[in-house]
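For the sequence shown, the working numbering assigns the number -7 to the initial residue and increments by one for each residue that follows.
Rather than coming from a laboratory, the hints here were simulated on the basis of the structure. One or more of the hints may lead you astray.
Just the calculated beta-carbon pair ranges, DEER-fashion [unchecked claim]:
#, residue 1, residue 2, range
1, Glu322, Arg390, 23 to 29 Å
2, Glu151, His254, 40 to 46 Å
3, Gln126, Asn200, 30 to 36 Å
4, Glu322, Gly48, 43 to 49 Å
5, Phe255, Asp118, 34 to 40 Å
6, Glu322, His254, 29 to 35 Å
7, Ile352, Asn323, 20 to 26 Å
8, Leu103, Glu151, 48 to 54 Å
9, Pro108, Arg390, 52 to 58 Å
10, Phe255, Asp159, 49 to 55 Å
11, Gly178, Glu151, 58 to 64 Å
Dumping the calculated DSSO-like pairs for lysine-lysine here, alpha-carbon to alpha-carbon at most 30 Å [to be verified]:
#, residue 1, residue 2
12, Lys389, Lys327
13, Lys231, Lys308
14, Lys231, Lys354
15, Lys231, Lys133
16, Lys(-3), Lys354
17, Lys21, Lys231
18, Lys174, Lys231
19, Lys133, Lys174
Ideal Cβ positions, reconstructed from N, Cα and C, are used throughout, including at glycine.
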Amino acid sequence: MLRDKQIVLGITGCIAAYKAAELVRQMVKQEGRVFTVMTAAAQQFISPLTLQTLSGNPVATDLFVLHEESRIGHISLAQRADVLVVAPATANCIGKVAAGIADDLLSTVLLATRAPVLFAPAMNSDMWASPVLQRNIATLKELGYHFVEPGWGDLACGEQGPGRLADIDDIMDALITILSPKDFEGITALVTAGPTREHMDPVRFVSNPSTGKMGFALARCLKRRGARVTLVSGPSELKPPAGVEVIRVRSAQEMAAAVERHFERAQLIIKSAAVADYRPKIVAAQKLKKGDGLKTVEFEKTTDILAELGSRKGDKILVGFAAETTDLLENAREKLRRKNLDMIVVNDVGRRDSGFGSDINKVTIIMSDGTSTDLPAMQKDDVATAILDHVARLMHKRTAIPDEPA
């Protein structure tokens, strides 16, 4: 997601500076090119050598000795960046930028750049609550600077409260959001994810191995690309994507009701949930004992949510998923036609290296015009990006004004 992006990471003097090593590792893992700038105080907490080793690039520390191809060092750093991230960002650093002060390498780079800037503050709770700091943050936000709020927890001073550096995952999410295209801005999207549970008594139920990872990845990527997102999720232990409205449900009936409530306002519906096709006809109020009613359980069909949506989707874009084990493309094409979908994503859930529960997925995307795209096995966030790229092209095609005849 950060492939070939040039990221300047500023590190200031704070006990949380050691966490910058993991942040660099995550950026490099996402194929970003990381150039680190450290203040003198930051070097008291973590060594430049550590960050140079992790990033593969020299670390800049001094305004007066940095030279590159006869160009002024801080100007070169400022111009090469696709984005600047300051993590951790102290109250001192934030105050300097708000006041227009440039008295060291990092503050000079921050004032010279035209790239977006993301601050991840970390400090004592009392400093975080300071009216002066909050005024400085408000000033910078008005100027277009980005912030990821600090977390709440144990602080280096021995107290508990707000001020600890945000989780690395949250900083990465904010960074990727800044760099993502906003091609879904103005779009309201409805995504379903996870399994459903169809109970036969209070402790036993029929379900499947879905964890919701694919649906959560789609919701997260949609939000990053500017959409307003509602995620209807069956039972899942996953962390809700930032900025996404999450509705928790348990059964197919509850999922159908939640989808119905949000269907009308959505322009895009992606149904990636693995909804049970059948449920026990009778649900016992008490736990069934061994041999007492378990020999025979009568089932009935659940609502076919996707078919119902397809029958009245109008000009909405409807995307479905097909989890198959045999005849993947044939079954998926039939499902796409029968349920009036614009696009279907099919994967082989019989593979051990992808699918349910895995961070990896290997899918084929089939469009309603018959074209298809085979994707290699890759991380589900990357699969989500590829799926949304196809949706974006479909949206563009629908809204394009046809050429007038000569």
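What hints, given by number in increasing order, does this structure fail? Failing hints, ascending: 3, 5, 8, 9, 10 and 11.
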